[in-house]
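Asks: Given next are the chains, with one letter for each unit.
There are 2 protein chains.
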Amino acid sequence: MPVTAHTIPKPLIVIKIGGSTASSAQALASISTDLASLQSKYSFIIAHGGSAQTNELCKRMNITPRFHTSPTGVKSRATDAEIIQLYTMACGGQANSQIVCALHSAGVNAVGLSGLDGKVVQAKQKIFTAVDDSGKQKMIRDDFTGKIEKVNAELLHALLASGYTPVVAALAISESNTPLNIDGDRLMASLASALHADKAISLTDVDGYYKNFPNDLVPALTSSELEAAMQNAGAGKASGGMKKKLMGCIEAINGGVSEVIIGNGAVPAPITKLLAGAGTHITKN
Amino acid sequence: MPVTAHTIPKPLIVIKIGGSTASSAQALASISTDLASLQSKYSFIIAHGGSAQTNELCKRMNITPRFHTSPTGVKSRATDAEIIQLYTMACGGQANSQIVCALHSAGVNAVGLSGLDGKVVQAKQKIFTAVDDSGKQKMIRDDFTGKIEKVNAELLHALLASGYTPVVAALAISESNTPLNIDGDRLMASLASALHADKAISLTDVDGYYKNFPNDLVPALTSSELEAAMQNAGAGKASGGMKKKLMGCIEAINGGVSEVIIGNGAVPAPITKLLAGAGTHITKN
Numbered sequence: 001m002p003v004t005a006h007t008i009p010k011p012l013i014v015i016k017i018g019g020s021t022a023s024s025a026q027a028l029a030s031i032s033t034d035l036a037s038l039q040s041k042y043s044f045i046i047a048h049g050g051s052a053q054t055n056e057l058c059k060r061m062n063i064t065p066r067f068h069t070s071p072t073g074v075k076s077r078a079t080d081a082e083i084i085q086l087y088t089m090a091c092g093g094q095a096n097s098q099i100v101c102a103l104h105s106a107g108v109n110a111v112g113l114s115g116l117d118g119k120v121v122q123a124k125q126k127i128f129t130a131v132d133d134s135g136k137q138k139m140i141r142d143d144f145t146g147k148i149e150k151v152n153a154e155l156l157h158a159l160l161a162s163g164y165t166p167v168v169a170a171l172a173i174s175e176s177n178t179p180l181n182i183d184g185d186r187l188m189a190s191l192a193s194a195l196h197a198d199k200a201i202s203l204t205d206v207d208g209y210y211k212n213f214p215n216d217l218v219p220a221l222t223s224s225e226l227e228a229a230m231q232n233a234g235a236g237k238a239s240g241g242m243k244k245k246l247m248g249c250i251e252a253i254n255g256g257v258s259e260v261i262i263g264n265g266a267v268p269a270p271i272t273k274l275l276a277g278a279g280t281h282i283t284k285n
Numbered sequence: 001m002p003v004t005a006h007t008i009p010k011p012l013i014v015i016k017i018g019g020s021t022a023s024s025a026q027a028l029a030s031i032s033t034d035l036a037s038l039q040s041k042y043s044f045i046i047a048h049g050g051s052a053q054t055n056e057l058c059k060r061m062n063i064t065p066r067f068h069t070s071p072t073g074v075k076s077r078a079t080d081a082e083i084i085q086l087y088t089m090a091c092g093g094q095a096n097s098q099i100v101c102a103l104h105s106a107g108v109n110a111v112g113l114s115g116l117d118g119k120v121v122q123a124k125q126k127i128f129t130a131v132d133d134s135g136k137q138k139m140i141r142d143d144f145t146g147k148i149e150k151v152n153a154e155l156l157h158a159l160l161a162s163g164y165t166p167v168v169a170a171l172a173i174s175e176s177n178t179p180l181n182i183d184g185d186r187l188m189a190s191l192a193s194a195l196h197a198d199k200a201i202s203l204t205d206v207d208g209y210y211k212n213f214p215n216d217l218v219p220a221l222t223s224s225e226l227e228a229a230m231q232n233a234g235a236g237k238a239s240g241g242m243k244k245k246l247m248g249c250i251e252a253i254n255g256g257v258s259e260v261i262i263g264n265g266a267v268p269a270p271i272t273k274l275l276a277g278a279g280t281h282i283t284k285n
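Protein sequences, first through last, are from chains C and P. In terms of my numbering, the numbers along the first sequence are unbroken and rise by one, the last being 285. In terms of my numbering, the numbers along the second sequence are unbroken and rise by one, the last being 285.
Simulated from the structure, these hints should not be mistaken for laboratory data. The reader is advised that the hints may include incorrect statements.
[Said to hold, decoys possible] The calculated lysine-lysine pairs, modelled on DSS-like cross-linking and capped at a C-alpha distance of 30 Å, are: (1) C:Lys-119 / P:Lys-150; (2) C:Lys-119 / P:Lys-244; (3) C:Lys-10 / P:Lys-119; (4) P:Lys-59 / P:Lys-150; (5) P:Lys-243 / P:Lys-138; (6) P:Lys-59 / P:Lys-41; (7) C:Lys-119 / P:Lys-75; (8) P:Lys-41 / P:Lys-211; (9) P:Lys-41 / P:Lys-284; (10) P:Lys-119 / C:Lys-150; (11) P:Lys-126 / P:Lys-138; (12) P:Lys-138 / P:Lys-244; (13) C:Lys-59 / P:Lys-138; (14) P:Lys-273 / C:Lys-41; (15) C:Lys-119 / P:Lys-243.
Here the structure is a predicted model, which is why all the values come from computation and not from measurement.
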């Protein structure tokens, strides 16, 4: 049974809003209405990124977004000094405000934050290996991307205890007090672990994790089965975005969260449906 | 003697960071160091706008910022549907994060907010008269600029009581739960009034209010003297930005704040100097 911090009056669910649901007014309205109907039973923390908004901002400035590819094929945004500024605006400003406003419209008293605020999410600047188009590996040392080191749960506890729904943008604070781009699913996992959440839910554009997308949706599996699948062809067929999501799910389970659900955020009452059994449910062992 | 809410342990000062100080890393570092040295004696709330950052974003997108001029000569940003999006990013995302990071670097535990969060600042979309270049007046009804109607002090009280320094971006939430651009000095006045602050301080690029800029700095005056001066040539010579600042100061005094100080934010230890007598000190009657 999960340990629930004494200051949080109801079972806590951490929800990552991702994919196109994070920037679609219609999807955000339907997620928000659903959360409003569930808020007497649960407390919620929302985590989100800002990829679509950052790409849009880059496009308007005639900047072509660049991505690094890891040796295992996972893509991540190349975040130089200019891009971290745009990402801060797009993720921390635009995407966060859009979700906060959608929640208020549905009657959920949302408070937008990023990991910078109260140093809620502390990260270390990543040094990582990327593969270029010709397959050559190189070390990337100057990217403003972070690996989450610590979640400062105190501010989130205080907000939840006062009845607010925190909406956390995927920005962390570095050791030198600058913003770092962090992955939204990893953020979900870190928040859910640090706050001893009962469940974590990753909302995306598809109905869950598929053995052979778009065939064979997996309704339930254990984290060990998922880890094994990720070692072989099963999850190897998953897209880069889905791989990151799966890694986030495993992190959440390893961090003590008893159940993580991946499912479609672009349907009516998405959270209610996932809690009732839709999507892919991942549990320990 | 001002009524201090029981949840705030120390005298409260609301500070507007404006002018070029709001986007200068050096000025923000020196303001932050000063606040850190004063935080054992006072609680602080920071208010800020995002004009410079919005102009910069517009420039990078080849958008020419437009301004409305009131019949009394006060300029305000023309905020259409596109500009409110950019303003949300620049003010709520970039400017807010920059101040939050500068404060953390100095050891002040800052939490960035905007008026959207917890509906801290509620506003009504303005309908106002503007004068065009030929002197013709017209009603402006489609501008995403707000007149502050209500400050929800509860969230700010909770943050202050837990030892956080709230940094509030000049964005309010409308009756239909959308972002509105609000004036930073008015925001300062509304926050200081609603939270029964002991003082409000408006930091800018000049040493205070001048009778005949750059001559005759006024070290102290009452709000009645200031109101009288604004009716005649005295404050008539003040720039549009200074006029708004003076209106904000009068609003704060009328809202029950016992002292408002206007002064230079771009000097070492600016707050300490203003509290010791520098700048223009405005008091009731």
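Asks: With the threshold set at 30 Å, check whether the alpha-carbon distance from P:Lys-59 to P:Lys-150 stays at or below it.
Replies: Roughly 33 Å between the alpha carbons, so the hint for P:Lys-59 and P:Lys-150 is violated.
Asks: Mind checking the alpha carbons of P:Lys-41 and P:Lys-211 for me, to see if they're no more than 30 Å apart?
Replies: violated, 33 Å
Asks: Does P:Lys-244 sit within 30 Å of C:Lys-119, going by the straight-line distance between their CA atoms?
Replies: violated, 34 Å
Asks: Can you confirm whether the C-alpha distance between P:Lys-273 and C:Lys-41 stays at or below 30 Å?
Replies: violated, 52 Å
Asks: Please verify whether C:Lys-59 and P:Lys-138 have alpha carbons no more than 30 Å apart.
Replies: Roughly 36 Å between the alpha carbons, so the hint for C:Lys-59 and P:Lys-138 is violated.
Asks: Given the hint that P:Lys-59 pairs with P:Lys-41, test it: the Cα-Cα distance must not exceed 30 Å.
Replies: violated, 42 Å
Asks: So if I understand the rule, the pair passes when the alpha-carbon distance is 30 Å or less; does P:Lys-243 with P:Lys-138 pass?
Replies: It holds: about 22 Å lies between the C-alpha atoms, which stays within 30 Å.
Asks: Is the hinted pair C:Lys-119 and P:Lys-243 satisfied, with a Cα-Cα distance of at most 30 Å?
Replies: violated, 37 Å
Asks: Between P:Lys-138 and P:Lys-244, does the CA-CA distance stay at or below 30 Å?
Replies: holds, 21 Å
Asks: Can the restraint linking P:Lys-41 and P:Lys-284 be considered satisfied, given a maximum Cα separation of 30 Å?
Replies: holds, 24 Å
Asks: Is the Cα-Cα distance between C:Lys-10 and P:Lys-119 30 Å or less?
Replies: Roughly 23 Å separates the two Cα atoms, so the pair holds.
Asks: Is the Cα-Cα distance between P:Lys-126 and P:Lys-138 30 Å or less?
Replies: holds, 14 Å
Against the hints set out earlier in the document, violations occur for numbers 2, 4, 6, 7, 8, 13, 14, 15.
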